[in-house]
Structures are given as C-alpha cells and as structure tokens.
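Please model the complete structure; the sequences and the hints are all you need to start from.
Protein chains in written order, with UniProt numbering: chain B, 1 to 326; chain D, 1 to 326; chain Z, 1 to 326; chain R, 1 to 326.
Some hints here could point you the wrong way.
Any copy, or any two copies together, can satisfy a pair, since identical chains are not distinguished.
[Said to hold, decoys possible] Straight-line C-alpha distance at most 20 Å; calculated EDC-like pairs for lysine to aspartate or glutamate:
1) Lys-129 x Asp-104
2) Lys-146 x Glu-242
3) Lys-211 x Glu-134
4) Lys-146 x Glu-93
5) Lys-146 x Glu-287
6) Lys-129 x Asp-285
7) Lys-146 x Glu-97
8) Lys-129 x Glu-287
9) Lys-211 x Glu-308
10) Lys-129 x Glu-7
11) Lys-146 x Glu-308
12) Lys-211 x Glu-169
Hint data in this document are derived by calculation from the structure and do not stem from the laboratory.
Protein chains: 4
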Amino acid sequence: MSALPAEPIYDVAQLGHVELLTPDLEASAQFFTDVYGLYRVAETADAVYLRAWNDDVLTSLRLTAAEQPGLGHVAWRTTSPQALERRVAALEERGVEGAWHDGDVGHGRAYRYTGIGGHEQELYFESEKYRAPEGQEPYLPNQPQKFAPHGAAAAHIDHINLLVPNVAEASRFQQETLGFKLRERLTPAGAEEVGAWLSVMTKAHDLALTKEPHPTEGRLHHLAYAVESHLDVIRAADIFMEQGVGVEFGPAKHSRTQGFFLYVIEPGGNRIEIFTGGIHIFSPDFEPVTWTTEAGGRGTAWGTPVPESFHSHATPPYPVATGAAL
Amino acid sequence: MSALPAEPIYDVAQLGHVELLTPDLEASAQFFTDVYGLYRVAETADAVYLRAWNDDVLTSLRLTAAEQPGLGHVAWRTTSPQALERRVAALEERGVEGAWHDGDVGHGRAYRYTGIGGHEQELYFESEKYRAPEGQEPYLPNQPQKFAPHGAAAAHIDHINLLVPNVAEASRFQQETLGFKLRERLTPAGAEEVGAWLSVMTKAHDLALTKEPHPTEGRLHHLAYAVESHLDVIRAADIFMEQGVGVEFGPAKHSRTQGFFLYVIEPGGNRIEIFTGGIHIFSPDFEPVTWTTEAGGRGTAWGTPVPESFHSHATPPYPVATGAAL
Amino acid sequence: MSALPAEPIYDVAQLGHVELLTPDLEASAQFFTDVYGLYRVAETADAVYLRAWNDDVLTSLRLTAAEQPGLGHVAWRTTSPQALERRVAALEERGVEGAWHDGDVGHGRAYRYTGIGGHEQELYFESEKYRAPEGQEPYLPNQPQKFAPHGAAAAHIDHINLLVPNVAEASRFQQETLGFKLRERLTPAGAEEVGAWLSVMTKAHDLALTKEPHPTEGRLHHLAYAVESHLDVIRAADIFMEQGVGVEFGPAKHSRTQGFFLYVIEPGGNRIEIFTGGIHIFSPDFEPVTWTTEAGGRGTAWGTPVPESFHSHATPPYPVATGAAL
Amino acid sequence: MSALPAEPIYDVAQLGHVELLTPDLEASAQFFTDVYGLYRVAETADAVYLRAWNDDVLTSLRLTAAEQPGLGHVAWRTTSPQALERRVAALEERGVEGAWHDGDVGHGRAYRYTGIGGHEQELYFESEKYRAPEGQEPYLPNQPQKFAPHGAAAAHIDHINLLVPNVAEASRFQQETLGFKLRERLTPAGAEEVGAWLSVMTKAHDLALTKEPHPTEGRLHHLAYAVESHLDVIRAADIFMEQGVGVEFGPAKHSRTQGFFLYVIEPGGNRIEIFTGGIHIFSPDFEPVTWTTEAGGRGTAWGTPVPESFHSHATPPYPVATGAAL
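This is the structure:
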C-alpha cells in the first residue's frame, strides 16, 4: 500500500462567511440589501450582519466600519468538530500561530490566523442554522427562506478571490494544510504562476488566489455570491444599471471555471461578483488544468475584453489612501 | 471527545457509471446517441458503451442486450483506492457477499455485490480519463470534449432512482456502509417512508430510493443525466417531441431536490430523465428534510400533475412479460 | 386588378387596455401590484388603474368593484384617428349599435359597443403616454420606466381570451370589421370550430376566442401580460407559490401560438396568465393553421395535461352565483 | 380632418431576403450551414440559397460568389400586391429609377433600385412558402420545419445594418417612400445623426442605418438572424468558439433596441449577428428616441466595451482590396 498516493482530505466543507471592511457602513449595507438583494439579520454599533435568501445559516457576510475597504477575514467551515481539530493541528504543525476565540453572531468558537499572503482567516464548525421567522417561511421545506426576490437576489455565498504575493506558495499551503483541491492555474509562458483556483468539495472554486502586483499583503480582489441561472446574472446587470451601480465587467463567461459573471464595486470600494454556473468536478482524480497562454481570447471564454481596472483595483487601495477610500 | 457525533464519510465520490439492459440494443443506442445526445465510444457483440460530452471519464453508460429492460448494475466510484478498500470492508462486515472482478471498458477492478433492494451494484476507483481525439478537442482545456451539441445534448451522468421494497432499510444501508448522506425523505401521514434522496457529496441527490409497489426486487425507476440550464431542458422537450419520443412527464419542477426535469421512455423501455439545477448542500450538518404531506400540490413544486404511469411503470415490467418489453 | 385579393387592414394597433370586474377590489389590487408586479397609477371610489413597467401608456388595466368577477370591457387601440373612424363606420355598417364616450383615465374618446359573443368592447386612438416621475426614470431612454422588479414583474399587456357561443362567427366578425388576422383555429374532427387565435399585427395572437360551453354570453377566459423570457415565467411560478397563489396550469408550452405560460386565479376570481414567446408572423400571406386533432398530446406542446378547471372555470361563474364569486 | 397627421403606412411587411457577396462561396456556405445553422435549399454555379428553420418562406439568404464581400441586395416584402405598386410609385415619384425583373429562387417579380446610400434594394410581394419535405415536417403544424438544431440554430432573418454617408437623409427616405417607422436615432452632442433604427411593423428595427466613415457607398455593416432566447445567444457563442469562429463582440446587450447579441465575421468577410429580444413597439404614436450622449456606458446597455473593429470593419473593405478580401 505504500505506493498509493495520499488520500484527498475532506475536512473543509465550505466558504462559511466573510467580513468586509467599509469606510461607509450604511452605504455598503444599503447596497448589499436593496441592490444586491441580501437580508439584514443583526447589527452592532460598527457592524451589520447579512444573509442571502438561500444561505442555510444565519449569516454569511459581516460588514465592519473601517478607515479603508478590504477584507476583515474569511472563514472556512469544517465538515466536523474533529476535522476542525485536525486542521488546526495541521496549521500549527506548519508554524502558523493562530488563536481561538469564542465566535461571533452566527457561529461558535473559531481559530483565527493569518494565512500565507497576509489575509486574516478563520476555521470553525459550529454554525447557527437560519430558522425563518413568521412570514419568511418557504413554500418548499427544503429551502431556508421564502423566495421573494428584491434587487439582484443574490442566492448564497459562493467564493472569494484574494491577492497574494506568491500564488504557488499560497496555493500549496491551502492544499497541504487544509486539503483544498487545485482545479486550475494560470502560468503565462516563462513566468511564475499568477492565478490558482481551488475548491474544497466539487465546485470549480471556493477560493481563487491571484498575483498581488504591489509590494503589499492581505488585499481582496472580490467576493462572489451565486445565483441560479444566466438570466439571473443578466437581470442583475439591468438592475445594477437602473440603480446607478455601474457594472465594471460582464456579464460574460470566464474561461477559468467557465462561470458566467458580472462585477460591480460596492459603495465602500470592494469588488463584488454575481456568479452562476461553472464546471463541477466529481472525479476524485481530476487533473488540475494549467493555462499557459492568454492568446486567442482565452482571458474570457468568448474574448470579452477585461477592463484595466480589473487588474489594478483591489482593496484596500495601493498605496493606501489616507482618510478616504477609492 | 466521546460525545461527538460520528464524522461524515467522504469515501464515495460520484455515481460513476450505469449499465442498462435493453431488448432492442440498436434502437436504444440510436436513441441515446441521436436523440439524447451521447457519444458511442466502444462496443462489443452485445453491448454499446456511451459517454456524455461533459463526462470527464471515457464512459458513463453501458447498454447491454437482454430479454427485458432494466438495470444491469449501478457503479459508485470511491474517492481513493484506500476508500475503496474501506467501503468493501464495511460491506463485508455487514454481511454482504460480493466479489471482485477485473473491470470493464473504462474502469479497473471493481467489487460487485447485490444491494439492499436487489440491485447489482459496484464499487471501484480506477477509471479511464477521456482524452479527446483529434477534432474533438475542446476550445477551453477545462472541458473534456468539444461542445458540438446534437439532440438533447445530455451533459453528464447525474443520478439514478431505484425501486426498493423497504425504503427506510435501504436508505440506512447506504448511509451506514457507504457514507451516503440523507437529504430528503417522504413519509406520508401514518405510512412508512416511500422515498429517500441521498447524496455522496454536495448534490441534492445521486441516488433516489422509492417504494417498490409489487412483490419484486431490483427494478429501475429512472436514470438521469444533467444539462446546464432550464432552457436546455425546454429545448430537449422540443427535440424529443420532434423526434417522435413522447415526453412522459415535465418539463416541470420537482418539490424534492427542486430540480427542473423531464422524463421519456427510451425504446428499450427504460425511463430516462433530463435534469438541471436542484439545490446544493454545503452545510456539513444539513438536517434531512422530511416531507409528511402530499397536499397542496407539493408532489411537484408548482402543482404540475404527476402522470399515473410515473407510479406504475418501471423496468423490468411487472409481472415480467415473456418475450417482449412494454 | 380586380382579381387581386383584398388587402390586409392595419387599422388596429394593439390591445390597449382591459377592465376587469372584481368582487374584492382591494384584494385584487393587492394581487396585481404585490404579486403580479404591476403599479397603481390612479384610483377612484370603485376603481383602481394599473400599469406594467414596460407599458408605454399610462395604464393598461382597470379594476372595477362589482358583484361578480368578469370582463368590464376590452379596448382596442387604432393605428390613427382616421383608422378609428373607418373601423367605427365598418362596425355600424355591420349593424353594430355603439356609442361614443369621452374616455377615461389614460385615454380619450372611445366608441363602446357590444361585440359578437356579448363582450363590451371599445375602439379608441388617443392615449396618454406614461411619463416616469422622478425616481422612476429608466436608465435606458427607450424604456418607459425603471426596471425595479417586484413580484412576477409582468412587463406589458399581451392578449385576452374571450368565451363566445359561436367561435367561427365571432372570428369572422373580428376579421371583417376590424381587420384582425386569423392565425390558428381548432376544429375537432366532425365538430364546429372551438377556438380561434387572431392578431392585429405580427403576434401569434392579441385575441383568442374559445367556445362558451354554457347558454350564456360575455364571459372571460383569461387576460395575459407578457414577460421577456421562459425564466421569467418559471420565476413567476416560484413567486406565486411562495405568495400562496396556487398555479392552476403551467409553466408549460402551448401548442397553439407556442407561447410558454402559466395561469393563476386572482383573488376576485378572474384567470390571469403570465406569457412569453409565441411565434411571430411576418409573412403577409400567412396561411391560418387549422388544428384538427387533439390526439398525440397536442393540447399542449409537450403533452402537459390540461386541468379540468381550465375548461370549466370562467368569469362570471355559470350559473351566476348570487352574492359571492367563486 | 385636415389637421390630422398623416397616417402610418403599413405597406412593407418584412425584411424578405438578403443577397451577400463572398469571395469564398464554399467556405461561406459551410459557415452558414454547419456553424450558423441554416439549411441549403438551392444552388447554381455561383450562388447558394439558404433558409433558417423558422423562416416560413423557402429562402431568406442568397450567397453569391464575387471578388469582394459585401451586400448583393436587400429585399423588402410588401404586405400585398397593391402595396407593392404603391411603393414603387412612391419611389418613382421621388425620382428613383429602378427596374422590374422576373424574380429569383423563392420569389416572384421584383422592383430593383439603388437606395439612398448606394445599396441595391428590392421590393416584391410574391414569395414561395416553404413546404417541409418528408422527414422535415414539424411536430407542431404552426412551425415551418422540424426543429432539429445544429450549429447556432439561427431561427429566422431579422434585420440588416447598412452604412450610409448621410444617415438623416437615408432615414427620411425610408420613412417617406416606404413607410418605415423611425424608432431610435443617435445624435452625438453637436454632431450630425450617426445612427437610425427603423422598423416596418412592431420590431425595434428591421433596418439600421449607421454613418459611413469613408468616402464610399453601398457597404454592409451586418446582417442578423434571430434566435428565441438569451441562452441561445450564449450557446451560439460557445459553439462559434468551438468551431474556430472567433466572436468579435458580445454576447452583450445593446442600448439601442435593447437586443442581446453577438457578432462574428463569416469566412467571406461579412459581419453576421445572432440576435434576440429587443423592445417591441405596439403604440402607433411611439415617439422616436433620440440618444444624445455616449457617456456613462450607454454605447452598450451594461457598459461592455465596443471593439474598435466594430467601427472600422465593413464590407467591402475600404479601400477595396485588389484580389482578396480581408
């Protein structure tokens, strides 16, 4: 048996929740509720907790007031309490120095650490299920909440894209310590790896890592929620334009992951995606796809041009502005 | 730690392939290729091997000539060679008496056994990847084959529905020996469980078990391939009607799994579905949904009536016809 | 030139507006706004005027309080003032005894008469354009109103279906006096014509006439608004179910007109459709299609069964209930 | 009555057919059949006649071998023989010197003339209906041909875009002599009109006229066929890429007409569109929309950038190449 390859690890279940920082908490909260279509479930003096109608947990997004936009932290939910212990042990064996805390609105104790690339990350298992209050009960009991769409009706949290100084190193770290599966990577001819798409179960990606162009760390490229169909993305584009939120990029089809997408910048300055589709990977021995060329229009599946801002804008801005975002 | 619940098992990766029996091999093969949209990849004197354009393995369906239609066998692919050994050990510990064989077109050694409910089942790991021949290479390298749709363009194998005499028992067996996760079940008021929907990873179901109404075993309700969107199901309905293959049921939306579907009977007599969507389950502590009532139109999500044949027809027919199917 | 066939008449431009009667004005108004997705533009003591977001006129629907549900009147807008005079002359030449009135909210003088089959009808030209108030201006100026969907987001008034004792006679009358074009008709083998689909311009139908089964006149089968895509109909079905408004029939595809549809009964008792697609007819010498058989599943395009209520329910109910609708 | 505005004219029914010139007849014919999805219905030594599956006439496209790509002619079908005579009289009254000819495959006598802007145009009425041969009969009799999609499955001819030196003059000519209705126009601040969208019945456009940037005449910007849904355009994009036909622009949403589109260059060099949706105009007093600014992303509805080639490429190329196209 010694010749067998190591088994895949299924200790991380999902992208659990994300904390975004915003210099204009109220404007961001208004965007995420009225335009993006989320629901406000709790708030404190400096934070608003949100959920999507099809998230089965209480909350998947925390907005926190801050000087600058950017990522507060990204939290991965494990498949069991035991898996949580195993992954924390793996992190610590690797030299990560994190700390346990008691949790937050919607989840229990969590292990907080700084990942490769400088982003605050969290591992946790205990999560509060969403129980629809009176008037929000769904018609079909296999759905957490009534479908009464408003705005873009973002359905559930899907994936996050982080900028990292060393893509190959950060990708390897996610694979080795947390069992992420590498699905696709982008390695321009003669250059270092500039993108990696990793998933925890069968999606094309829960986490994308792309190359940080500046001498800085911890920046966010974008956060994505999913919708059910291409038409929902198209409808979202119409709704964003009508609401005065310009679409930065899309609707179009990614070559990597094959998802159908659009991106906007929320009022706090963070880039937010509406995503649907994408390939699903069921084979346990799926071979990661290496993209070696950007020629021939394969930056996007149909050759849709990528706007310059998609490469230059991230949060917090670089160099960090003093006093104001964007 | 002794109070912790058992961890979920991730040893089965996917519904790997299915063997269908047909009394008219050539007519069935013609249906699955020209109408359903699969590709013929190999054949022997009494069998035809098929693949869908988005299956990443060589073949997901074997058609075998037989007196009667029905299920030849259903095969589950494990997540690793080690997982295969573990699951075979779990089966044998449970008293299952199966046997190893050397494999078939597209896959390596496999453990064949008779499941609870009388269906031939298989566990295996080694599988042959599809390598697109010249002219079939895809434009995007993260896709196994060129998308050049014909017929209903079924994209990849999705799930199977088996009739079993005792749903609760068969469901428990799948959970306990193979780590299937129970997602939904149907228990009419005051009656025994008549349906169970189980999955191996994050889908709403890879396997549905429904109540066999007759004193028999081993029958097939239906086999489903997936397509990407609702419109692909609608297009398939138009194509089936044009090709003289009447739609038995749908397009409509299931209440269980929330998939959008249609069913036809292939020329050999087996029921075949085109399926899209369906809820995805990312939470590791998802609580199975118990449906206790059929009232209020929830047999289907919008109240679309279920045809009587959907309850009465399965393969092989009962009582087994002598000499001819259907 | 005497051998030339008569030229087609293009004097009627569109189904302009409809008045529905309802025994529960407030419940009906709430349905049409909150669930169906229309907007309230005016009201009087016993009437509410509504518009769809993509209607370019002020109002396309008047709800009027009444003892019984049913049709108040249906109004056809002509292509010019001159066309209005010509069509009134044609009606009067045919023996119709109508009367001019000064108009109503949203339109100018109109000729009101009783059509063949007993329905109140109107011809008019002058119509008030919708001018979006502040906050409702669209992003794109070729659209009357901001797209900020709520409920089923019905987009514009599309067609109406009236029950008539003699379909062939009523159809001929619409063709000869108003220039309606016969597109399709249903004539079961050996029976009289039971359905006629007529249009004024290039749609598959603006008016459907179907056989009244009872010795009565003037009843409404249904009124339809259009949406843009199949997915909008599917979304509407989900929304209706969530709002407690059961879907009577559909989503499915009509064989006649090939539209994709669903029907619900509004709280006042009238049947209301959400419709999309349908064939478009550009050829000026299009030959009407005669359907002679209902065999083979062609009552609907894919064989979806037609509920009995679709044949038995119309408004007002028959025999007319005393004191309460439905 | 003298104060009444002139009545709208409904003498032209549709864009009937188009002749495209191509320097590589066989490659163009192969593209239009295998990739675009049309059917070959007749051919001569130097021409191939094609139809779309949902055209109700025999043929809507003629490809003719020529030195250079470009427009052979565009043909408008009238609503009656009488309308044909009226429109020819109107043309001749305006000083147009055309000539009658006996027709071509699929249509009868036609009046050929050179339009404002230098394009060969034709008016005709008599057209040969398509009668599906055995094996091509549709399941539904209100459809001309079986739906058995291949390639992009272009459904029916939709509109054409011609470059003209003087948009306002050419637009006025189409309105005054043929009764085209102006729907939208683009007049950049302080500049002459650079675009006009005109229709004959209720579509957003059957004809677009855009500004010819060079001192030349008679050039084609693009020809469009329609498909039913957004998803059909998206599917077409995938199919074009897989077939090695790069997408020039789209899928995206036009601001003018609001259609959802994509463009490719066929092997002969002509630009071809796949189009769906677009606003429909039912009001007879629709006020043309004047677009005065390109700011704010309204070149396309969502801000999708317009490639430079979309402004620079037309056929024949300018200056005309000697010996070879593109």
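Okay, the hints, checked on the actual structure:
1. Lys-129 x Asp-104: For Lys-129 and Asp-104, the Cα distance is within 20 Å only inside one copy (14 Å; across copies 45 Å).
2. Lys-146 x Glu-242: between (25 Å within a copy, 6 Å between copies)
3. Lys-211 x Glu-134: neither (46 Å within a copy, 34 Å between copies)
4. Lys-146 x Glu-93: neither (44 Å within a copy, 44 Å between copies)
5. Lys-146 x Glu-287: Answer is between; shortest inter-copy Cα gap is 18 Å, intra-copy 39 Å.
6. Lys-129 x Asp-285: Between copies only: 9 Å across, 33 Å inside.
7. Lys-146 x Glu-97: For Lys-146 and Glu-97, neither the intra-copy (42 Å) nor the inter-copy (47 Å) Cα distance is at most 20 Å.
8. Lys-129 x Glu-287: For Lys-129 and Glu-287, the Cα distance is within 20 Å only across copies (10 Å; inside one copy 35 Å).
9. Lys-211 x Glu-308: Classified as within; 15 Å inside a copy, 29 Å across copies.
10. Lys-129 x Glu-7: between (31 Å within a copy, 19 Å between copies)
11. Lys-146 x Glu-308: neither (39 Å within a copy, 30 Å between copies)
12. Lys-211 x Glu-169: Classified as within; 11 Å inside a copy, 52 Å across copies.
In the structure shown, a violation is registered for the earlier hints numbered 3, 4, 7 and 11, in ascending order.
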